[in-house]
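Based on the hints, put chain H in the right spot on chain A.
2 protein chains.
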Amino acid sequence: MEYLEDHERRELWDTIQDALFNDQIDQFRAEFLEMHPYDQAKIFEEQTQDVRMQIYTYLSPDEIAEVMEHIDVDDIEEYFTEMDPRFAAQILAEISTDDAADILNELDKNQVASFLTIMDKESASDIKELLYYEEKTAGSIMTTEFVVIRANQTVREAMLHLKREAPDAETIYYVFVIDEDKHLVGVISLRDLIIAEEDWYISEVMSDRVVSVQVGEDQEDVAQLMRDYDFLALPVVDFQNHMLGIITVDDIMDVMEEEASDDYSKLAGVSDLDRPDENAFAAAKKRLPWLVILLFLGMMTASLIGRFEETLNQVAILAVFIPLIAGMAGNTGTQALAVAVRGLATGEHEKEGILKLVFREAGTGLITGLTCGVLVTFIVYFWQGDYYLGLLVGISIMSTLIVATLAGALVPLLMHKLNVDPAVASGPFITTINDIISILIYFGMATTFLRLHLLIS
Amino acid sequence: MEYLEDHERRELWDTIQDALFNDQIDQFRAEFLEMHPYDQAKIFEEQTQDVRMQIYTYLSPDEIAEVMEHIDVDDIEEYFTEMDPRFAAQILAEISTDDAADILNELDKNQVASFLTIMDKESASDIKELLYYEEKTAGSIMTTEFVVIRANQTVREAMLHLKREAPDAETIYYVFVIDEDKHLVGVISLRDLIIAEEDWYISEVMSDRVVSVQVGEDQEDVAQLMRDYDFLALPVVDFQNHMLGIITVDDIMDVMEEEASDDYSKLAGVSDLDRPDENAFAAAKKRLPWLVILLFLGMMTASLIGRFEETLNQVAILAVFIPLIAGMAGNTGTQALAVAVRGLATGEHEKEGILKLVFREAGTGLITGLTCGVLVTFIVYFWQGDYYLGLLVGISIMSTLIVATLAGALVPLLMHKLNVDPAVASGPFITTINDIISILIYFGMATTFLRLHLLIS
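Going down the list, the protein sequences come from chains A and H.
The UniProt record's numbering puts the first sequence at residues 1 to 457.
The UniProt record's numbering puts the second sequence at residues 1 to 457.
With the rest of the complex left out, here is chain A (with noise of 0.2 Å):
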């Protein structure tokens, strides 16, 4: 069978529907328990909340659980809103804790309190300690549910216990190993368990050099980490080097396409971006800060060429080439801004070093601002016959594409040093502050020349 395309989960959907209408219990979960839960999400969020009611009696709630666990968190708040609160808790206690803790920081305090008084102990203690954790670090994105062996144990030893754990498990292929104080010393793979003598003792055959992340860790580093080292699993430790979670591929996924698409909407001026079932309201309400905050700044623009009147009275044409010299400068800020805020996210930077980078930018900014300039001289004086005009015009992008270039890659590199995420010095922002740079130096300029008497009006 293919994966489950849209018409065909629809279809399956009427046949599931039909036993729903006429209250066949049986029937509907034997359908809809045979679909992967992501296929179940898909087909639970489609439905009227009476539907959804009716579903709930329907389902256990480990089975509801693997629902929920494929629904995106910012959805989820009304199904757990709607429930019955008992069984609520219930559903979270089978939730995997990364989940349920994910979960319960969408919902408000007074319900998530009440849900850990409901829930069974050991539950609530394993999701409260998750909750502590701060947002986007390793700690926030573990789950407690791992398995791990002792040193001591035979091979037939440790895979019977992992018989036994298997089914709670976040994953049994990667095992690790710890000694009596918790602490990690060792990691084997299910995949070498399998292989090795059933009578060898762990200790032989495990490797020593486990490596691990510390609890505090950035998840963007993490996934860095995870993803040069193809690893299935990481544990997560403490800084005495105690097991206290693991962090699993698929969570690893999930933080990859977060951090992207984040960098990718900071790059172009919208806070999130928009959801497909979102309307025209909603859109603008993500997208007008950003257009508002760039107005401010672009009547900042107009009103240091509203100095300039003056110079622009004499010579109107100046303004033919304010927008090719103000988006030159926008340009080639975006271009070194997205060079700069990759190289910071991968950590490339703090290789290369600061100075050096400042350095390349400035080259590079020489080398297209010369390009550019000396081009642009001669197409304006070519065009327009005046050779002043023609120097001005392209001495200035060369000094913009200069000045543009090293601000488009100081500011994040700035922000880096106050702590301050890179990205966020987004596209526009960027693009409106070399606006600004460039009109200052193109009128500056042109001011200088008129007083020289080079141009004339």
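Rather than coming from a laboratory, the hints here were simulated on the basis of the structure.
You may find that some hints are simply not true.
[Claimed, not checked] Pairwise CB distance ranges, derived in the manner of DEER restraints:
{"hint": "1", "chain 1": "A", "residue 1": "Tyr387", "chain 2": "H", "residue 2": "Glu309", "range": "25 to 31 Å"}
{"hint": "2", "chain 1": "A", "residue 1": "Glu157", "chain 2": "H", "residue 2": "Asp238", "range": "43 to 49 Å"}
{"hint": "3", "chain 1": "H", "residue 1": "Glu309", "chain 2": "A", "residue 2": "Asn279", "range": "42 to 48 Å"}
{"hint": "4", "chain 1": "A", "residue 1": "Met300", "chain 2": "H", "residue 2": "Glu309", "range": "44 to 50 Å"}
{"hint": "5", "chain 1": "A", "residue 1": "Glu46", "chain 2": "H", "residue 2": "Ala282", "range": "49 to 55 Å"}
{"hint": "6", "chain 1": "H", "residue 1": "Arg52", "chain 2": "A", "residue 2": "Glu46", "range": "28 to 34 Å"}
{"hint": "7", "chain 1": "A", "residue 1": "Lys417", "chain 2": "H", "residue 2": "Arg209", "range": "51 to 57 Å"}
{"hint": "8", "chain 1": "A", "residue 1": "Glu46", "chain 2": "H", "residue 2": "Ile118", "range": "54 to 60 Å"}
{"hint": "9", "chain 1": "H", "residue 1": "Thr15", "chain 2": "A", "residue 2": "Gly216", "range": "29 to 35 Å"}
{"hint": "10", "chain 1": "H", "residue 1": "Leu33", "chain 2": "A", "residue 2": "Ser114", "range": "53 to 59 Å"}
{"hint": "11", "chain 1": "A", "residue 1": "Met300", "chain 2": "H", "residue 2": "Thr15", "range": "57 to 63 Å"}
{"hint": "12", "chain 1": "H", "residue 1": "Arg307", "chain 2": "A", "residue 2": "Tyr387", "range": "18 to 24 Å"}
{"hint": "13", "chain 1": "H", "residue 1": "Asp238", "chain 2": "A", "residue 2": "Glu204", "range": "41 to 47 Å"}
Predicted, not measured: the structure shown is a model, and the values here were computed from it.
Beta carbons are placed, not taken as given, at the ideal position from N, Cα and C, and that holds for glycine.
Using the frame of chain A, we list chain H on its own:
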């Protein structure tokens, strides 16, 4: 042990270097092979050619193969060219087939042909098959080293088979089930296999709802699928459902990184993000083509304004608002572009319907346009004291935002329809297009106002 920080790798390297220097092959092997292949690769890449040549003689082809799998394919040509061709062919035969095909794609055709001739026949034919698939499809990222079992085997037989195959297979955590004609008929996770009773038949414990992808499917869609369903491996089939290979999650993480960085760099108008070891010339070479194209587009904008020189001569103050209006058009266009490109990438727009998107963007443009337009009208009126000027700038901003928002959304959609990658419509490109649109609206309106004698010069 934590993963290796750069300085730790360097310290470790010092001891390894001593071993190399004193020709202590045993000590070199003991230290080097103890490391994770990713760290081996990082250290290997920092060496001079002389040291690399020595390392080739100290390690076996399959040990070097592990190192090569963790080196960026763009850097690898040099190494395969400096080696003895026989040794290189042996290494290629040991590397997993998908990575080997990636490497061969980087080498020149004569080299590829000679490697494939020297190599053992079986490896050569496996790799050749992969070279045949188009870039960025499921076929190009799959590996042919997978384990299959039969439905009529018992769990015990299957486990014995797995133990034998485990060392060479890319993954054994998902085991695929085929029938006599090699059709894919089921899947079972190693977890379920371990829990199952040893004398059960595979047909009783496998899932026959196996999700697979077609060999020609886009790699981005495969990544989406893997992320939605939380798979660790996906089977790749031809149109008759014969199993051809598998795609594992570590390859998908690379695809996700590649696609994200691709979208990001295109939004910023850089053909390819610079790498930290590049100098200013290399960086300028990547950015200049975009800048020169944008320069010519910018000259078009300039010549457009040139046509309104008469209007500008009469009302020089008009020039003051050019960057504001052009800038706002660029900003809103980039926002709409980003939303449309991401929506197309995730397939969300296909569910939603193009028409609905167009209506929504028109609505969003109307709301943001009205807000910014009214705001600007008042600001300009209070600043310049000219009611008609305020109205002119306000109406221009409003119309510009509506048209530019639509343009930002429609250009990528059109490109998608024409089967061009919508991300090619980069941010700077859309910004420049919208510059032109906004200038036309602004000066067109200003000229009309002038004809109606509304603007006092």
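Outcome of the hint check:
1. Distance hint check for tyrosine 387 of chain A and glutamate 309 of chain H: the Cβ-Cβ separation is about 19 Å, which falls outside the suggested range of 25 to 31 Å.
2. Between glutamate 157 of chain A and aspartate 238 of chain H the Cβ separation comes to about 44 Å, which falls inside the hinted range of 43 to 49 Å.
3. At roughly 44 Å, the beta-carbon separation of glutamate 309 of chain H and asparagine 279 of chain A lies within the given 42 to 48 Å, and the hint holds.
4. Checked against the hint of 44 to 50 Å, the pair methionine 300 of chain A and glutamate 309 of chain H fails, with Cβ atoms roughly 26 Å apart.
5. Take glutamate 46 of chain A and alanine 282 of chain H: their Cβ atoms lie about 51 Å apart, and the range 49 to 55 Å holds.
6. Separated by about 58 Å at the C-beta atoms, arginine 52 of chain H and glutamate 46 of chain A break the suggested range of 28 to 34 Å.
7. Take lysine 417 of chain A and arginine 209 of chain H: their Cβ atoms lie about 52 Å apart, and the range 51 to 57 Å holds.
8. One distance hint, 54 to 60 Å for the beta-carbon pair glutamate 46 of chain A and isoleucine 118 of chain H, holds here, with the actual separation near 57 Å.
9. Distance hint check: the CB atoms of threonine 15 of chain H and glycine 216 of chain A are about 31 Å apart, consistent with the given range 29 to 35 Å.
10. Take leucine 33 of chain H and serine 114 of chain A: their Cβ atoms lie about 56 Å apart, and the range 53 to 59 Å holds.
11. A hinted range of 57 to 63 Å holds for the C-beta pair methionine 300 of chain A and threonine 15 of chain H, which are about 59 Å apart.
12. A beta carbon spacing of about 23 Å between arginine 307 of chain H and tyrosine 387 of chain A agrees with the range 18 to 24 Å that was offered as a hint.
13. A C-beta distance of roughly 44 Å is found between aspartate 238 of chain H and glutamate 204 of chain A, which places it inside the suggested range of 41 to 47 Å.
Violated hints for the displayed structure, listed by number in ascending order: 1, 4 and 6.
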